[in-house]
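Got chain Y; can you put chain A on it based on the hints?
Residue numbers (this note's numbering), protein chains in the order written: chain Y, 16 to 424; chain A, 12 to 129.
Check the hints yourself; a few may be wrong.
Here are the simulated lysine-lysine pairs, DSSO-like style, with alpha carbons at most 30 Å apart [stated by the list, open to error]:
(1) Y:101 / Y:73
(2) A:44 / Y:115
(3) Y:175 / A:43
(4) Y:213 / Y:101
(5) Y:105 / A:43
(6) Y:115 / A:123
(7) A:68 / Y:101
(8) Y:105 / Y:175
(9) A:68 / Y:213
(10) A:43 / A:123
(11) A:44 / Y:105
(12) A:123 / Y:342
(13) A:44 / Y:213
(14) Y:115 / A:68
(15) Y:105 / Y:73
(16) Y:101 / Y:115
(17) Y:105 / Y:115
(18) A:44 / Y:101
(19) Y:115 / Y:175
(20) Y:342 / A:68
Hints are computed from structural coordinates only; laboratory data are not their basis.
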Amino acid sequence: MTFWSDPDGFLGNWLIHLLAGIGIPAGVAQAIGYALGAAILATGALLFVLFLIWLERKMIGRVQDRLGPNRLGPWGIFQSVADMLKIFTKEYITPTGADKVPYNLAPILTVAAVLMVWAVVPLAVTVYGVDLNVGLLFIIAVGSLGEMGILMAGWGSNNKYALLGAFRAAAQLLSYEVPMVLSLLIPVMLTGSLSMNKIVMQQDIWYVLYAPLAAFIFLITSIAEVGRAPFDLTEAESELVAGFNIEYSGLKFGMFFVADFLHSFTISLLVAVIFLGGWRGPGAETYPLLGFVYLVIKTSLVNSLIIIERASLPRFRIDQMMDFTWKVLTPVILILVALTALLEKTMVMVGLGAWLRTGIMFIVNIALLFIADTVVRGHLARRPRPDVRGKERPVARPENFFSQPGSGA
Amino acid sequence: MLSNWLYIGIFMVVSLFLPAAAIFIAGLLAPKKPNAIKNATYECGMETVGESWIQFKAQYYVFALVFLVFDIETVFLFPWAVAYNQMTLFGVLEAIIFILILLGALIYAWRKGALEWH
Numbered sequence: 016m017t018f019w020s021d022p023d024g025f026l027g028n029w030l031i032h033l034l035a036g037i038g039i040p041a042g043v044a045q046a047i048g049y050a051l052g053a054a055i056l057a058t059g060a061l062l063f064v065l066f067l068i069w070l071e072r073k074m075i076g077r078v079q080d081r082l083g084p085n086r087l088g089p090w091g092i093f094q095s096v097a098d099m100l101k102i103f104t105k106e107y108i109t110p111t112g113a114d115k116v117p118y119n120l121a122p123i124l125t126v127a128a129v130l131m132v133w134a135v136v137p138l139a140v141t142v143y144g145v146d147l148n149v150g151l152l153f154i155i156a157v158g159s160l161g162e163m164g165i166l167m168a169g170w171g172s173n174n175k176y177a178l179l180g181a182f183r184a185a186a187q188l189l190s191y192e193v194p195m196v197l198s199l200l201i202p203v204m205l206t207g208s209l210s211m212n213k214i215v216m217q218q219d220i221w222y223v224l225y226a227p228l229a230a231f232i233f234l235i236t237s238i239a240e241v242g243r244a245p246f247d248l249t250e251a252e253s254e255l256v257a258g259f260n261i262e263y264s265g266l267k268f269g270m271f272f273v274a275d276f277l278h279s280f281t282i283s284l285l286v287a288v289i290f291l292g293g294w295r296g297p298g299a300e301t302y303p304l305l306g307f308v309y310l311v312i313k314t315s316l317v318n319s320l321i322i323i324e325r326a327s328l329p330r331f332r333i334d335q336m337m338d339f340t341w342k343v344l345t346p347v348i349l350i351l352v353a354l355t356a357l358l359e360k361t362m363v364m365v366g367l368g369a370w371l372r373t374g375i376m377f378i379v380n381i382a383l384l385f386i387a388d389t390v391v392r393g394h395l396a397r398r399p400r401p402d403v404r405g406k407e408r409p410v411a412r413p414e415n416f417f418s419q420p421g422s423g424a
Numbered sequence: 012m013l014s015n016w017l018y019i020g021i022f023m024v025v026s027l028f029l030p031a032a033a034i035f036i037a038g039l040l041a042p043k044k045p046n047a048i049k050n051a052t053y054e055c056g057m058e059t060v061g062e063s064w065i066q067f068k069a070q071y072y073v074f075a076l077v078f079l080v081f082d083i084e085t086v087f088l089f090p091w092a093v094a095y096n097q098m099t100l101f102g103v104l105e106a107i108i109f110i111l112i113l114l115g116a117l118i119y120a121w122r123k124g125a126l127e128w129h
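Next comes chain Y alone, as it looks inside the complex (with noise of 0.2 Å):
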């Protein structure tokens, strides 16, 4: 093998000769290069996330018809390295009967939580961490650890207002914990495995195309999951004084914000690897590396989508998130994968090849869409409104004392 052929293979070979001629044996020397691959994949990801919020506050800027920041360096690129030099040399500022153990260990878990996705998501024909014959079911899992984190700060840090942030941030992920898995469901059932690999590997149809509700779910769901907007109503600025992390500073702080960006940029990585087809491309089997930037192209489109949204899209408040995800997101979930696996097995039972079952089911998806939209629009517009007209209003009248030039009001 060359290293053009299998990267992963040739260094690992590589590595474990190195070591040999120094006469460690090969169960050691393959134990030190799974060590150091995790080293360089984590190390990898967390510094990613510079360019990642680069990139963010850029696009953010252009969406805002402003320029994003360009001071340092050209078109800005070193003001994250900057921020990141400044808030290295920020203070830690521990609250007074702060609970040290949840105190310090919630932004480590979180960052944790984020980093574990990356050992089973395959970024080449050859280029994983590990093939988990579980590596979807792992991935809902360890993600999940992040909520705990949350919980972790909010309790550790001896406030009351980041307690009840806590609460209702593990609220709204628990919440939406229930559509994304759910959501996976298809496919998995499409698949017959758990495994990422055989994911990706049986996408010879992309999945977007065979379900596209389900994507559209599954990446909506996953955004609430993150605690992006418009879904941020835990970390609102404006309102409920940075929620969970109030009491947090310097690097700490730094950390949930890392792991913010990070999660997102991994939450992208998994609807290109699960839904728009990972590495296929033409070309992507002999040359593994053509195949992770197939990976990086699919990856930038979802997370510049995820991006424009933020900027786009007013905060929802904290009911209309619950009854969004319980009331809507749930309900049309569940129909879709009743659907999906009733249509799928007769349509294999009749004989129909794939291209013709993928439309039918694209078809299905998007008139399911435009059904839960309609009921929702008209379950909406029937709710009783306030009657405003007619009445008396003390705005533009001439007589209101307010509106006289000169009343100083």
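What follows is chain A alone, placed relative to chain Y:
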């Protein structure tokens, strides 16, 4: 397959260690000047009133309970989904009845007001 989980274990240790090391290094670099006012708990700029533990609303418990029901449903549906391709139509219909029962449970919880916030 054991080496798979060894890698996961090593990865977990590494991913816990890296942020901890970063936080520790920043702790060395940063100034440490605690005083009573800086360390006081934040309450919108005022002195804190009362204990720092608020009353736990029962609504959170009800949401967690409904979530538990649906999470268990998902746990049951995953093995079914993995075995979907080898299944007959009868197996698929059984699972659809299961999903419909849980949809009924959701509608019940909805009508009972368990899904209202505040």
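Hint by hint, here is what the structure shows:
| no. | hint | in the structure |
| --- | --- | --- |
| 1 | Y:101 / Y:73 | 20 Å, holds |
| 2 | A:44 / Y:115 | 18 Å, holds |
| 3 | Y:175 / A:43 | 25 Å, holds |
| 4 | Y:213 / Y:101 | 44 Å, violated |
| 5 | Y:105 / A:43 | 9 Å, holds |
| 6 | Y:115 / A:123 | 41 Å, violated |
| 7 | A:68 / Y:101 | 39 Å, violated |
| 8 | Y:105 / Y:175 | 24 Å, holds |
| 9 | A:68 / Y:213 | 44 Å, violated |
| 10 | A:43 / A:123 | 54 Å, violated |
| 11 | A:44 / Y:105 | 11 Å, holds |
| 12 | A:123 / Y:342 | 13 Å, holds |
| 13 | A:44 / Y:213 | 54 Å, violated |
| 14 | Y:115 / A:68 | 25 Å, holds |
| 15 | Y:105 / Y:73 | 25 Å, holds |
| 16 | Y:101 / Y:115 | 24 Å, holds |
| 17 | Y:105 / Y:115 | 19 Å, holds |
| 18 | A:44 / Y:101 | 17 Å, holds |
| 19 | Y:115 / Y:175 | 17 Å, holds |
| 20 | Y:342 / A:68 | 21 Å, holds |
Checked against the numbered hints listed earlier, the structure breaks hints 4, 6, 7, 9, 10 and 13; every other hint is satisfied.
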